[in-house]
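Novice: The listed protein sequences derive, respectively, from chains H and E. For the first sequence, position 26 (counting from the first letter as 1) is numbered 26 according to my numbering, and the numbering increases by one without interruption. For the second sequence, position 182 (counting from the first letter as 1) is numbered 1182 according to my numbering, and the numbering increases by one without interruption.
Any given hint could turn out to be false.
[Said to hold, decoys possible] Straight-line Cα separation of at most 25 Å, SDA-like style, residue types lysine to any residue; simulated pairs:
id	chain 1	residue 1	chain 2	residue 2
1	H	K89	E	Q1195
2	H	K233	E	R1022
3	E	K1213	H	P134
4	H	K103	H	E67
5	E	K1157	H	R46
[Said to hold, decoys possible] Okay, the calculated bits of chain E under chain H, using three or more residues with CB under 8 Å as the criterion:
id	segment
6	1197-1209
7	1227-1235
Treat the hints as calculated values from the structure; they're not laboratory data. Beta carbons are placed, not taken as given, at the ideal position from N, Cα and C, and that holds for glycine.
There are 2 protein chains.
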Amino acid sequence: MTKNTKVNAAILIIGNEILSGRTQDTNTTSIALWLNSIGVKVNEVRVISDIEGTIIDTVNHLRKAYEYVFTTGGIGPTHDDITAQSISKAFNLEYEIHKEAFKILEAYYKVGEFNEGRQKMVWMPKNANLILNPTSGAPGFNVENVFCLPGVPSILKSMLGGLKDKIVGGDPILSHTISLKTVESEIAKSLTNVQEDNKDVEIGSYPFFQAGKLGVSIVIRSEDQSKIDKCGKEILKFINKKKIEVVDR
Amino acid sequence: MTKNTKVNAAILIIGNEILSGRTQDTNTTSIALWLNSIGVKVNEVRVISDIEGTIIDTVNHLRKAYEYVFTTGGIGPTHDDITAQSISKAFNLEYEIHKEAFKILEAYYKVGEFNEGRQKMVWMPKNANLILNPTSGAPGFNVENVFCLPGVPSILKSMLGGLKDKIVGGDPILSHTISLKTVESEIAKSLTNVQEDNKDVEIGSYPFFQAGKLGVSIVIRSEDQSKIDKCGKEILKFINKKKIEVVDR
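Generate the whole structure from the sequences, applying the supplied hints.
Specialist: Laid out in structure tokens, this is it:
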């Protein structure tokens, strides 16, 4: 297989609790940082409700638009956990007991504790591939390029490592941050010039307010370290000329 | 105007820094909680890159699909701030200097400090309505049902109050949470029965792990307090029967 230099992905957060503002999503950050480290760039995130039709339509759109899709949430034992059956419908697959998942959970729980509620968690799309869960037993799964993970952040994080062999990333996305004691308007024009001279590098400018400090972080991102270095030098050049202070952050 | 009982919205987070995992989005939570309080329910959130075509297409989709759209990010002075010109293109409007915004920033900055970078922030879609910014001067704006806010969380929060007169909400969305010392599988079946008997109420079940406590929060949401009360009673009934402990959270 020829390695793609650029590989993209979408994240789909399934859960009314994020949309209502009750729960702060942190899974996007965890997944995005991990994907970056293996050379996969997240191009889009969507957060949707626990509604079957919405899940089916969104998954069917995203799985065609991106190389990988990661869903979070909705694979637990309660009535509002409808991700597995929705994915089955999206792929036109039977929704059935996954024998290997059944064996895993039967061994995980004490005799008599693998009750009806827990057994719901072994219902999956036919022939789904399991994603092992070192924290709480119940596996996630993938069908083709759609990877379904739980919503609880600590459990999700513990499962990412086990995904590594299933994802073929491109070149890792490298980044370099230069933080400055200045305001964006001071550097806007010079930074535009650097961006125009380096169109294939992503240069972002982010104001920060932290511990009484007002400043701007410039973030340079590329798969090519030499391109980052070139931009960094050009930025430092105008910063020195303007006598702007570089700060730790 | 007849008041709609259900009013919906989408949030569009514009910014590579969220997609890369570098910055944790918190604006979704701030906007969603505030919208709930004035009777607007967030049905979808999308996070997209700073790419003009992507912004235009997404805004044009969302503004037709939902009653309100709130964008965050991309209205500052740097080259990666392209929300205002993208919104102009989405609505087929001229992108031009907004006279009122110009006056506000001219008065806000000291003489000589309203430089070229800062002047970029008064370029907006023709006839845009301003959203005042009590924190840092530069206003946001809305065109029809699309409201454009900045990405910096503290500034965004300070601007929400000024939006109240521009948004016509429905009935406030009420919620009641019951937190339990149990695991989801213990209550899954009984909770399904309550949901089936109360189809127009949203009942969510969320496991938590906090300070050594393992538990489940059940969240009941509706515009109608009496429906929440009815569900709450039915849930407490099966909880008492199962001798499950209710906990503070």
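Novice: Please flag the earlier hints that this structure goes against, numbers listed from lowest up.
Specialist: 4, 7
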